[in-house]
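Read top to bottom, the protein sequences are chains A and B.
Counting from 1, one number per residue, gives the positions in the first sequence under the numbering used here.
Counting from 1, one number per residue, gives the positions in the second sequence under the numbering used here.
These are calculated hints, taken from the structure and not from any lab test.
The reader is advised that the hints may include incorrect statements.
Put simply, identical chains are the same to the list, so a pair is met inside one copy or across any two.
[Unchecked claim] Using 20 Å as the maximum straight-line C-alpha spacing, the simulated SDA-like pairs for lysine to any residue come out as follows: (1) Lys479 - Glu150; (2) Lys479 - Thr491; (3) Lys47 - Ala58.
2 protein chains.
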Amino acid sequence: MSDSNSEAAAAGAGRGRRGRGAGGGADARRAKRRGAKAVKCRFFERKIPYFEPLSEEALALIENNADTVLEEVGIDFRDDAEALELWKAAGADIDGERVRFPRGLCRSLCQTIPRQFTQHARNPERSVEIGGRNTVFAPVYGPPFIRDLEGGRRYATIEDFQNFVKLAYMAPAMHHSGGTVCEPVDVAVNKRHLDMVYTHLRYSDMPFMGSVTAPERAEDSVALAKIVFGDDFVENNTVMINLINANSPMTFDDTMLGALKVYARHNQACIVTPFILSGAMAPVTSVGVMTQTLAEALAGLAFSQVVRPGAPVVFGSFASSISMQSGAPTFGTPEPAMVLYGMGQLARRLGVPFRSGGSLCGSKLPDAQAAHESSQTLLPTILGGVNFVLHSAGWLEGGLVSSYEKFIIDIDQLGMMQVMAGGYDLSENGQAMDAIREVGPGSHFLGCAHTQANFESAFYRSSIADNNSFEQWESEGAKDSYQRASGLCKTMLDSYEAPAIDPAIDEALIAFIEQKKASMPDAFS
Amino acid sequence: MSDSNSEAAAAGAGRGRRGRGAGGGADARRAKRRGAKAVKCRFFERKIPYFEPLSEEALALIENNADTVLEEVGIDFRDDAEALELWKAAGADIDGERVRFPRGLCRSLCQTIPRQFTQHARNPERSVEIGGRNTVFAPVYGPPFIRDLEGGRRYATIEDFQNFVKLAYMAPAMHHSGGTVCEPVDVAVNKRHLDMVYTHLRYSDMPFMGSVTAPERAEDSVALAKIVFGDDFVENNTVMINLINANSPMTFDDTMLGALKVYARHNQACIVTPFILSGAMAPVTSVGVMTQTLAEALAGLAFSQVVRPGAPVVFGSFASSISMQSGAPTFGTPEPAMVLYGMGQLARRLGVPFRSGGSLCGSKLPDAQAAHESSQTLLPTILGGVNFVLHSAGWLEGGLVSSYEKFIIDIDQLGMMQVMAGGYDLSENGQAMDAIREVGPGSHFLGCAHTQANFESAFYRSSIADNNSFEQWESEGAKDSYQRASGLCKTMLDSYEAPAIDPAIDEALIAFIEQKKASMPDAFS
Chain A
1 MSDSNSEAAA AGAGRGRRGR GAGGGADARR AKRRGAKAVK CRFFERKIPY
51 FEPLSEEALA LIENNADTVL EEVGIDFRDD AEALELWKAA GADIDGERVR
101 FPRGLCRSLC QTIPRQFTQH ARNPERSVEI GGRNTVFAPV YGPPFIRDLE
151 GGRRYATIED FQNFVKLAYM APAMHHSGGT VCEPVDVAVN KRHLDMVYTH
201 LRYSDMPFMG SVTAPERAED SVALAKIVFG DDFVENNTVM INLINANSPM
251 TFDDTMLGAL KVYARHNQAC IVTPFILSGA MAPVTSVGVM TQTLAEALAG
301 LAFSQVVRPG APVVFGSFAS SISMQSGAPT FGTPEPAMVL YGMGQLARRL
351 GVPFRSGGSL CGSKLPDAQA AHESSQTLLP TILGGVNFVL HSAGWLEGGL
401 VSSYEKFIID IDQLGMMQVM AGGYDLSENG QAMDAIREVG PGSHFLGCAH
451 TQANFESAFY RSSIADNNSF EQWESEGAKD SYQRASGLCK TMLDSYEAPA
501 IDPAIDEALI AFIEQKKASM PDAFS
Chain B
1 MSDSNSEAAA AGAGRGRRGR GAGGGADARR AKRRGAKAVK CRFFERKIPY
51 FEPLSEEALA LIENNADTVL EEVGIDFRDD AEALELWKAA GADIDGERVR
101 FPRGLCRSLC QTIPRQFTQH ARNPERSVEI GGRNTVFAPV YGPPFIRDLE
151 GGRRYATIED FQNFVKLAYM APAMHHSGGT VCEPVDVAVN KRHLDMVYTH
201 LRYSDMPFMG SVTAPERAED SVALAKIVFG DDFVENNTVM INLINANSPM
251 TFDDTMLGAL KVYARHNQAC IVTPFILSGA MAPVTSVGVM TQTLAEALAG
301 LAFSQVVRPG APVVFGSFAS SISMQSGAPT FGTPEPAMVL YGMGQLARRL
351 GVPFRSGGSL CGSKLPDAQA AHESSQTLLP TILGGVNFVL HSAGWLEGGL
401 VSSYEKFIID IDQLGMMQVM AGGYDLSENG QAMDAIREVG PGSHFLGCAH
451 TQANFESAFY RSSIADNNSF EQWESEGAKD SYQRASGLCK TMLDSYEAPA
501 IDPAIDEALI AFIEQKKASM PDAFS
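Next comes chain A alone, as it looks inside the complex:
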């Protein structure tokens, strides 16, 4: 190559220099071994600012419009007479199942929402702080299918569910065990919540999510948690967080309201999330989506405080667009990112914890489409200040598939986000003036004292990227990242060791589940 100004040529020069410096060969291999044991953090607190593209004027406009929606259009609370009674007592106008809210009522009721709360884990060292400047990563939620490289796409089973819980437990940058990491369709619909909650409690020691598909399943989730944490502890602390989606537009149904009431009354946390596919459940414009999301969330959050003032609750926003060709949801495009940033600003103004984003994609495979869409969702998730990140790993095909390899690729990105949120080191060591003085013009930094002292921790080390030479990569089979992730996933699962649990507690959990399962016939719809 002749072009001495080529940046490729300069990269090549860097590669060459490497061999001459200290810290090569054996040192690098040692570092690799150490690096493999990344320290798991409970969660992380951001040291970087938020990205806030909505102006003060725009924020006020959207808040005013949301109040207009609440006042003039209203929200339906369906098939739940108690909810309507509670709203009537709180000062709302009831017209059939339509609830309309005097301006400011919902916002006023939201003042009792904790800005930040602790979700306790079975292992106290894994408890998380939700809200404030903290971020908690949780895995994918909801897919009925799974995919892996060798087996392709198929219905998920309880064994897959266990595997995803194990992977989340082991992933260095995963803070939470999540909920329905996939739908174990081999277990009866009316009983699978028992196996799911048990799996979280037995195969992990991290915080988890309870069942929301029926009020009685929420009660079962609470009962199982009480076996582990004790009755009083559960009533006075938060040990579960639970996903309550609005039926957008502007509707909450009895299933969700029922679960929300159960959890709020037991002091357990709920995430109230308007689930918006823009163009279907909300207008096609970003400002319209934000207005409607804010209105729906305000109504749902306020309802939790009507049920139990002070109950922990999280402001959720899930917004994607739809494809004009297929009607399917699309991800990673500019519009949902801009909605996410704006909703983060609106949630912080309301003073409540915020859930949005994740590693979302519409791709069928963990390919470049999946990665672009995921990165273009995840980086906004971090810059936008999301506190609780559901779907942060494993989500594929618009949430229809939990992917093993995608999970492995995603958790590497989560590690990067965690480092990025740590901001800059402005210490003398960070400034590195001694290094610049020591090396001077025309030399290199590989062997200098500052590099030696900082090399191992200076750069984020990807667990999945291949940064070897082309020749070495080729000699190792010329694998793409999908193939490498497949191998890494197997290695992880092979090395899984379950966290300890008191055998008496385990027996009590199993006894409860067996009794419950025996009490009713299987249902599969």
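Could you slot chain B onto chain A? The hints should help.
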């Protein structure tokens, strides 16, 4: 699927609803046809704020440290006696080839740099504004190899060079023809610059970059430009922008200085870029990298103003880390992104146009690794306020490879970034209150008047993402994005039509090149 709260289930519901709404089937297909002809913008002006994670205190610290580097350590200007004379006259201290700068000298000299300038294109409708709140996308620069799905990795030829120029010309969100889109190694080293400049002038009508590999090749580039634009126009306007990399650490060599002097004296723009692989050419810490980059850039930018006050010049920053295992450059990790944001802030404080970022990656294939690394560079590129984005499409394998399919995948992302930078529509139509009132709780927005009026332009439409159902995707061959990009690339190249050029000008360009080529024997190193 039983879990009515599943977000996957909700996505499925959206899919189902689609069929019932208006605007489906035939409408969608029509929209697709229209959407395929995306309007090409000259460049774009951001409506969103910058992401600025460096505090005022940190900015002042880095500026102060950079001044200390310039004053105490200094910068080598090698094998260029004229440069040393110019620096002496400007007030610097000369010690052999080492130049030390009184505090504030470089910054003071930089005051004559234009904050924004026009780079004129052969087609005036393609001229770009570099600086201010504008962003210009240019393709990959420098790789000696190319890769495509069918042919694999091989040395690049002038035919490949022509193909990448054609693709850039056709790409809706590509604003610039770039420079060495790949190294045409089948043409003699001492003659290929002639073919490269000719290709930009003949196969595109967009702005382009000149040769910097030797001062006489820079003169040839200017001579060719004068045939197209006229002598006076070139001397009084900027029609080329040229990549001048520092030999970091803290060194400029005679090749680069020679080219810089030629271009500055002809009023042509240069990008002065400290090329940093952190740990090799600079310290391993982000603040250290920023300090050294600022010092080197200040010296190079100031030198351009010593040569010709007011010459257009761009502050460049290229910073990646290196792999501890292989010594190879790594991309898409948190550290270079944090450096990019900080350098953007420092460049804006200096009041000069800024170049950094791109769609960088270390991957050998356009897979998930390539996409994550590219997105994690490109989104910071936009949020960090880069004015001139080299390597915005096609870069693979640390800049050793220009990839056809990666180019196709990247230009889709560029389109998204352009839309994102447009910010929010706060108009009445954007607020969509009429739509929310019209639809109300429990219905859907697919058929409402607002959706009908806005549907086609509301969402960014990816050219490469597959958002069809799983079944349809499978029936179409279950292609990943690499395979889809391959097909799209062929379609684009097949439909290429060259822009018109005055035959007399074309003849004059060819005559100049033939005369030059005949005047010297081929050299291949």
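Tested hints:
1. Lys479 - Glu150: both (14 Å within a copy, 16 Å between copies)
2. Lys479 - Thr491: Classified as within: same-chain Cα gap 16 Å, cross-chain 28 Å, threshold 20 Å.
3. Lys47 - Ala58: between (26 Å within a copy, 13 Å between copies)
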